[in-house]
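Trainee: Construct the entire structure; sequences and hints are all you get.
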Amino acid sequence: MSPGPGADSAPAPQSDHDTPSPPARASGRSRYLPGRLIPGTARIPGTARFRTRRRTRTGPRADVPGTGPRPVSLVKTPGPTDGPATGRSASDGPATGGSPSAGPDTGGADRGPGGMFSSLRIRNYRLFASGAVVSNTGTWMARITQDWLVLSLTGSSAAVGITTAMQFLPMLLFGLYGGVIADRFPKRTLLFFTQGAMSFGGLFLAALTLSGNVQVWHVYMTAFFTGLVTVVDNPTRQTFVSEMVGPDQVRNAVSLNSANFQSARLLGPAIAGVLTAAVGPGWAFLANGLSFLAPLTCLLLMRTAELHPGPRTPRGKGQLREGLRYVSHRPELIWPIVLIGFIGMFGFNFPIWLSAYADDIFHGGSGMYGLFNTLMAVGSVVGALLAARRGTSRLRVLVGAAVAFGALQIVAAVTPSLWVFALLLVPIGMLGLTVNVTANSSVQLGTDPAMRGRVISLFMMVFVGGTPIGGPLFGWLTDAYGVQISMAVGGLVSAVSALVVGLVLARAADLRLKVDLRRGQPHLRFVPKRDLVTVA
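Residue 103 in the numbering used here sits at position 103 of the sequence shown, with consecutive numbering throughout.
These aren't lab readings, by the way, just hints derived from the structure by calculation. Heads up, none of these hints are tricks.
Here are the simulated distance ranges between beta carbons: (1) 338 to 121: 29 to 37 Å; (2) 500 to 362: 32 to 40 Å; (3) 416 to 278: 29 to 37 Å; (4) 303 to 414: 47 to 55 Å; (5) 218 to 360: 22 to 30 Å; (6) 296 to 210: 20 to 28 Å; (7) 297 to 423: 34 to 42 Å; (8) 303 to 500: 40 to 48 Å; (9) 212 to 185: 36 to 44 Å.
Where a beta carbon is used, it is the ideal one built from N, C-alpha and C, also for glycine.
Mentor: Here you go:
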């Protein structure tokens, strides 16, 4: 099981009739008593303005669309300035005010509840993570071996790009349908089918390779089959995380999923390199096929009574259009998805770049290619653990990490030194994972549970669906103009797109860049426009 490109703070508890109550004071006691008017709140149609009795309900109401978790914030706000939930349905128009602000700052406590590994206290999630680390190791073994096998069979970086494109083309073509399926059926049952199908694909390619009959079109076909299964597996697996851990731990679990996947990236390439050099690539494919027995076993051992199943969407017409309309009316969802689409298409072509650097520039062979992937994995693990430690998924972190990610790619592309290039892969991996997890978690917790599968499928369709375009394009650029030009172009497009999206989000939130040259003050920061007027 691979992680999702990863979540925000848990949604505030809501009662049957009330708007969300403002946060409590630092002492832990609420300053709002039952029966008293909550100041600063606007009346929502069909709700009352008064709190009449104590409620125990937590999380969004399943029967009221649009009352899901609040969107993430681009800037820290100085106090409890949250407005009430808008209560809009998926078919409503855009919210007035359009600010992607999620509410008050927590006084610097930017950590999820319970610490960096808090979600591992939950038994079902421990089983899920245990199975995933085994299958993830097999996945990375197969991924590295697949790229190197295609390069060995054809001698072409463009062929590696085509292999990558075949694996992600189904997500581009059918990605939204996977989200509809994930919203409609029990997720644990779906995962039995998808993980079993991935095991079959790995064993099929192993049989062809071990028998000596493998051809490059066999690799293309297997990659396309894996991509078809991933269409359903990705949104199902990512939304199943919230069912295992509940809303309070979604961000932490998404981040640990990424850490799990990237930790396996440390082992997989090394094991694949040893197996390929010693006995051939077929054994790496065989290990991948067998590795899926671990997640299948762990799914069987889960306690279904401890899951938190969300509302399932009944069969009906127009569900794809409903999901697209839902996202299009929410700038805090659509712009992170747009940004991750540019990063996925132009910035995440490392199978092409790293194999070409190892083979053509530094002449190090498969061992150096494995080393490059291992160094990126080290950075990715660090990025995932830092994301698990943070308690918020702020859009300014997403934009800043994306700009730095593109800039470092440009620096790495032009450096002539092997060791400088290798060391730069660590922060590049850290920033790339930060972009992935922050975008994923902010989108997940900014979405109503009933719509989450479709929104995440759109996220994944945009993120990995651009690879069928970016893979062949950058493979051709690498063959025609060299890998340095190819990687520099990818980094430039990533950085520029992040800057543009950051400016659009700042404008949507009615923010302006404030320059403060006083000593001891942040020199550059985004602040609400009204604060600039006050200062002026």
